[in-house]
Amino acid sequence: MPQHALSRPSEGFRDGPTPTLWSGSRRASTHRTAEAWPDPSAIAERLYLDCNEMALGEQPPSTEGIRDYDSEDGTVLAFDYKANHDFEIVGGCGLHLWASPEAHDEMDLFVGLTKLDNAGQPIGFRFYSTFSEGPMALGWLRASHREQAAGSSEMRPLYTHTNKLPLIAGDYVELDVEIWPVGSVIRKGETLRLLIGGRDLHDFSTGAPELGHSPDNRGVHRIRSSADQPSYLTLPIRRISTGLSGT
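Numbering (our numbering), first residue to last: 2 to 248.
Just to be clear, a hint being listed does not mean it is correct.
[As the list claims (entries may be wrong)] So the derived label-pair ranges between C-beta atoms look like this:
{"#": "1", "residue 1": "Pro167", "residue 2": "Gly125", "range": "35 to 43 Å"}
{"#": "2", "residue 1": "Thr163", "residue 2": "Glu65", "range": "29 to 37 Å"}
{"#": "3", "residue 1": "Ala228", "residue 2": "Thr34", "range": "34 to 42 Å"}
Bear in mind the hints are in silico, worked out from the structure with no lab data behind them. Backbone N, C-alpha and C define an ideal beta-carbon position, used for all residues, glycine too.
Take these sequences, add in the hints, and give me the full structure.
Given below as structure tokens:
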């Protein structure tokens with residue numbers, strides 16, 4: 002049914018409405034219709050990780066950088082992009098990483114997107130049936146399942162889940178992580194933050210039951226950024242008019 006509602010194929014739901022897109026946070030939101038899903042007005046744009054500056058930039062970093070984190074103790078890496086213009090993120094995102102486990106043949110990656118206001122304070126998004134605030138969007142990948150399937154794209158990696166490809170400790174591999182669809186306006190002066198860690202990035206303050214698999218992580222993970230082998234976040238960007246008031 003979601004496929005019918007979003008893409009409107011010739012059979013079924015023929016008279017249904019066009020997709021309605023919601024962009025916003027707890028503070029404010031806006032709605033609009035689109036011709037199709039994914040939104041054809043959104044253009045894929047990259048923000049490159051810089052492990053030296055812990056930043057996201059519109060160009061690859063000029064020097065190589067390596068940043069590590071303990072995959073078992075909840076340490077999270079944060080890469081920031083401070084917006085110099087208004088734009089809207091609408092749709093699924095993809096994260097391309099050069100990553101390496103120090104002493105294991107597996108990596109479970111947990112990634113997320115959050116937003117900070119002009120004062121550097123987090124802007125919460127509806128989470129767990131609106132009962133709590135959480136990140137803008139989340140993504141996960143078990144590295145041994147990195148093999149991609151036909152139809153995979155930069156903003157929507159698809160995985161075969163048929164062949165397990167163990168890692169080699171100390172060796173870097175390319176990983177493409179799907180980040181679930183998001184709708185949010187980023188205003189000039191606000192900060193888009195990318196989070197990377199080895200366990201769930203959000204703890205439920207409500208005490209709600211959680212289901213999931215235990216991470217298969219051990220020791221230190223390393224992320225690398227460079228001009229020759231860049232790590233980057235791909236976003237569906239829509240240039241917005243001054244009349245769009247969501248946040």
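Pairwise beta carbon distance, alanine 228 to threonine 34, judged against the given window 34 to 42 Å: Holds, since alanine 228 and threonine 34 (Cβ atoms, about 41 Å apart) stay within the stated range.
Proline 167 versus glycine 125 beta-carbon gap, inside 35 to 43 Å or not: 38 Å, holds
Range agreement (Cβ of glutamate 65 with Cβ of threonine 163, hint 29 to 37 Å): For glutamate 65 against threonine 163, whose Cβ atoms are near 34 Å apart, the range 29 to 37 Å holds.
In terms of the numbered hints stated before, the structure departs from none.
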